[in-house]
Amino acid sequence: MTATTATPPGTDRPGERTGAPDDPFDHDALPSPPGATAALLRSLLAPMKARVVVTTLLLLLQQAAVQAGPLLVAYAIDSAVPAFRRDDLGPLIAVAAGYLLCAAASGGLQYAFFRTSAQVNQDVLLDLRGRIFRHAQALSVDFHERYTSGRLISRSTTDVESLRELLDEGLQELVTVILSFVYISAMLLWLDLGLGAVAVASLVPLYLLVRSYRRRAARVYTQRSTAIAAVIVKFVETMNGIRPVRAFRRESANDADFRVLNHRHERTNGDALLEMARYVVGSRLVANTAVAGMVLWGAYRVAGGTLALGVLAAAVLYLRRLYDPIDRLGMFLNSYQSAAASLEKIAGLLAQTPSVPEPATPRELPALAGEHPGREVVFDGVRFAYRTGGEVLPRFDLTLPAGQTVAVVGSTGAGKSTLAMLLARFYDPSEGRVLLDGVDLRDLAAPELRRGVVMVTQEAFLFSGTVAENIAIGRPEASREEIERAAKAIGAHDFIAALPDGYDTDVRKRGGRISAGQRQLVAFARALLADPAVLILDEATSSLDIPGERAVQRAMATVLRGRTAVVIAHRLSTVEIADRVLVMEHGRIVEDGAPAGLVAGTGRFADLHRAWRDSLA
Amino acid sequence: MATTQETPGSRTDRSAVRTLLRLWPYVRPVRARWFTAAAVAVVASCLALVIPLVLKWMVDGPITDRDPAGVWLGALFLFLLGIGEALLFGLRRWLVARPLAGVEASMRAELYRHLQRLPVAFHDRWASGQLLSRGTTDLMLVRMFLAFPLTFLLVNSVTILVGVVIMLVQDVALGLVILVPAVPVMVMCVVFEKRYALVARRAQDQVGDLTTLVEESVLGIRIIKGFGRHRSQARAFREMARTLRGTELHKARLLATIWAVIITLPELAIGAALVLGTVRVADGDLSAGTLVAFLSTALALRWPVDSIGFLLAMSQEAATATERYFEVMDAVPEDREVAKAQEGEAGRGLRFEGVRFRYPDAPEGSPPVLDGVDLHIRPGESMALVGATGSGKTTLTALVPRLYEPTSGRITLDGRDITAMPREELRALVAVAFEEPTLFSASVADNVLMGTAAEAGEPQLERALSVAQAGFAHDLPQGTATQVGEQGLSLSGGQRQRLALARAVVGRPRFLVLDDPLSALDVHTEALVEAALRDVLAETTALIVAHRPSTVLLADRVALLSGGRVAAVGTHHELLRDNAEYAHLMAGTEEAAR
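From first to last, the protein sequence lines stand for chains F and S.
Residue numbers for the first sequence follow our numbering, so the first one is 1 and each next one is one higher.
Residue numbers for the second sequence follow our numbering, so the first one is 618 and each next one is one higher.
Since the hints were made in silico from the structure, they are not lab data.
Beta carbons: idealized from backbone N, C-alpha and C, even for Gly.
Certain hints may be false.
Okay, the calculated bits of chain S under chain F, using three or more residues with CB under 8 Å as the criterion [to be verified]: (1) 692 to 703; (2) 723 to 731; (3) 851 to 860; (4) 929 to 942; (5) 1041 to 1049; (6) 1140 to 1147; (7) 1172 to 1178.
In silico contact screen, one side only, chain F against chain S (beta carbon under 10 Å); selected entries [what the hints assert, rightly or not]: (8) Arg115; (9) Gly270; (10) Trp297; (11) Gly370; (12) His372; (13) Val454.
Whole structure, please, built from the sequences with the hints as guidance.
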């Protein structure tokens, strides 16, 4: 991808990609400080320390029970048989009891282990999912604009999933492999020093094999994950844009593009599987050769009388088991590799600090002076520039008295939305302060801030759930009457009542189709319900038809009375309800005055107003 | 807030086996390799079972007789068996690696192909995340199923069978002791499989719900922040994640139980065989070698038996994945057939005759969106379409390129019924600019030129960009070669809308459908676009959805859509004068009739 980074002209919002060359946001993974991945894993496991210890103990005991079998076989052949011939039943009963105990213990301990480890795993995942979610929610809007939604979604789904695989299967595999290796080597050494030494020595070639596999697999896996990412992007883009795809007959061209990407993934996928095959052959060859060698040596010594038959039998049984988990070690490496890559990406996300942090010691807004809900807004020496340098709003001062309705007009890219977002504290100014009744917005905790300022934007997104639930986002504790009153006030009641289940219609289910204009009305109702001191409307009526817009304006005349309001609109009809108009150009306020005065003058607003009147014909 | 996908089609209690059998057509092309690989795996597994027999021969023969040459022979034989086993297991993997990657890829390609051709109404119902998970994780599960559980359920069954026969041949009594737990283990497996299937599906659906919540809280971040709702959002998330954790723990409990049963019962049987065997060796009824061989055979069967639990669990998950895959594949694509032209009033231009439409998934008894639309747009004429919010304007425009099919009535282009034309041809004749301007991950030039034939080049691009006032494209870092879309530069709503407009006009289409094409533009830009559009509209037949008088004035005439019908047609000024509803919509004057 040749995603580019210089500032496009006419950008309206600070969030658009404006970074220097090699913007980290162009890469899938954000850089994380060294060691962040390990630190993340540690901090996830820290609260579970006790349970991790219990889990490990359970597995230790379970493996001990499992690995006791061959030892009992050796004992049975070498001691119980001769004893039985002497009519001594003791050893035989010991074997029987021992085996019974081991069988019960290995099953029971496996059960206990599986359940405790599942609990630990699920708690770790719950914690991690919550952290990603909360952190993403805490990050500022400009982060979200740069870090596309798709990536955030894959962080909290596929990346968490690959950690789950590691925890569920991988770690248990690894511990089992290590434990059984240690146990069996110890057993072999104890049974016979020579055979044990050979078994331990066979670890050297196996280690080399594992190491080379790890290296080669890492390369193939990276290629494969890049390939699948490309497939996913193409897939999602096609499905989300299915209408233009159909209307412009892109199906066959898309099929061809997809075939190329899909084939690339198929090839790397095959490579990964073959790499695994190579590893399995290599490790099995080493293992089986070692077994044959040890049997030869052992048998020679039994024939020579320097080794008991039972010991050889036990050694052979152990040897088969010694090398059984090698394949699984390969699988562990796979899940480890993909989980490590995922964790690194997650750590990179969690390392992002919110550019709009919550205050350490929050302040409260002063009690309202009069019966009006409005508050005074002051921009005190505010300047705003991108972190990468481009200045959007040069330093300015502005005071909006409590209760005033201010219209902000100007062409695309003039900085209107940036002004609104500073007031809504979606961004913090680079210099200066934004004050609400004398309190810096940065000192207000989120709930207090939202009692103060609410912003309605052009993109009226609906969450899944009912229409009523969507309106109630404005004030979750609102009653049904209050919700309906807000909808009626804004002229949304009629269409909502006409939906199949009225206010209880699920917006994502059958019959819940809601047009762009209707979505904007829902967004308005939401804002009314929130009942803020300062209301910001950013292009909030762009998809409404004229009667809709009129209805909204009529409603606003009553709703906005006494409230402080900032209204941004291309259509100047909004201006009719404004007490004051600000005309912006290139980030500066170039005209400021009462609408009637500006229209009568010869400035830019007079021009704009004339053009707009003409467009109404 | 749950959005579990309602699945079309019945999901009655179909058995996992029946579901998995549906994979056969995809496996068929690689069947030779797959069966060879399975056979190789069976042979390799059985080779492992020969090893104890060699041991027995060594213990009872050369070792007892102190014959060094015999020991060498036995060890050599073991060595060869080991090499053979390793190579055969490698061969198995090598045989299926590429073919199975191919099966996965071809199933994915089919899915993608199929999805692109399903009716738009299907996509309205299915979130892209749900489709994506079918195309990625579900298919991966299917590939893994073909590679491991399917092969090894077969291989392990054969291995267990052969192993049991070997044990019975060695010693009938000991063999029978080993067989005792078989029946209870099998019963437990069946019970387990049923329960696990239910919980596994529930977990998959809950993951889907959680994904939806994440997706929405990212897409709606401005609203959540704007209303300070991130705490309640986090609470909803935590609740859902907790529910998922509960289901996962339920799954773990089931697995832990079956796992314990599968480990304990066979182990008990082996213990019993050991005690019995020891007694008989002591009594001289059994050779020590036979006991060693018997026990190593029994232990060699441990993995095949132990693994049955997780192989069944994997198969179950693969069956669910297959079911999910076919839920989509079973949906019927747009028919490719061309209807016979119906008799009707012919005439040039774009004509709607008695068009009725209701969404296929609309609840019973709800009124249709369009209820008998009759409208004739003369060749070369542009018609504005005006109506109240939610009156069906966008729906009507979507009928022209057949993104939806009218419930009844017909639409003709220059006298030809659109259902009598191949869709390709129809969509080549009609160009559309949607209300929601979508750009794809490609260069600006590619995004615009996709609206035209392959040979179009620089001049057409320039013309289209200038009509749409999208000259800003030249100032982008790499000009019109700049990548846009999800993978590239993000553009503002107004910029996207202008590029979408350029795409619609670039091919000089015979018929042009524009859905509120100027809503995101400021007054100044809008005026410029309108001036340039006039020239384009002069040579095409156009239907333009409009909310503003300025857009209406682009058109020669206006149609007013009201109550699912065209209530009036005329020029802007005629309607403004004569039609109260229109005057209300366009000028905001109070409607007398209301």
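Hints, one by one, checked against the model:
{"no.": "1", "hint": "692 to 703", "result": "holds (count 9)"}
{"no.": "2", "hint": "723 to 731", "result": "holds (count 4)"}
{"no.": "3", "hint": "851 to 860", "result": "holds (count 5)"}
{"no.": "4", "hint": "929 to 942", "result": "violated (count 0)"}
{"no.": "5", "hint": "1041 to 1049", "result": "holds (count 6)"}
{"no.": "6", "hint": "1140 to 1147", "result": "holds (count 5)"}
{"no.": "7", "hint": "1172 to 1178", "result": "violated (count 0)"}
{"no.": "8", "hint": "Arg115", "result": "holds, 5 Å"}
{"no.": "9", "hint": "Gly270", "result": "holds, 4 Å"}
{"no.": "10", "hint": "Trp297", "result": "holds, 8 Å"}
{"no.": "11", "hint": "Gly370", "result": "violated, 25 Å"}
{"no.": "12", "hint": "His372", "result": "violated, 22 Å"}
{"no.": "13", "hint": "Val454", "result": "holds, 6 Å"}
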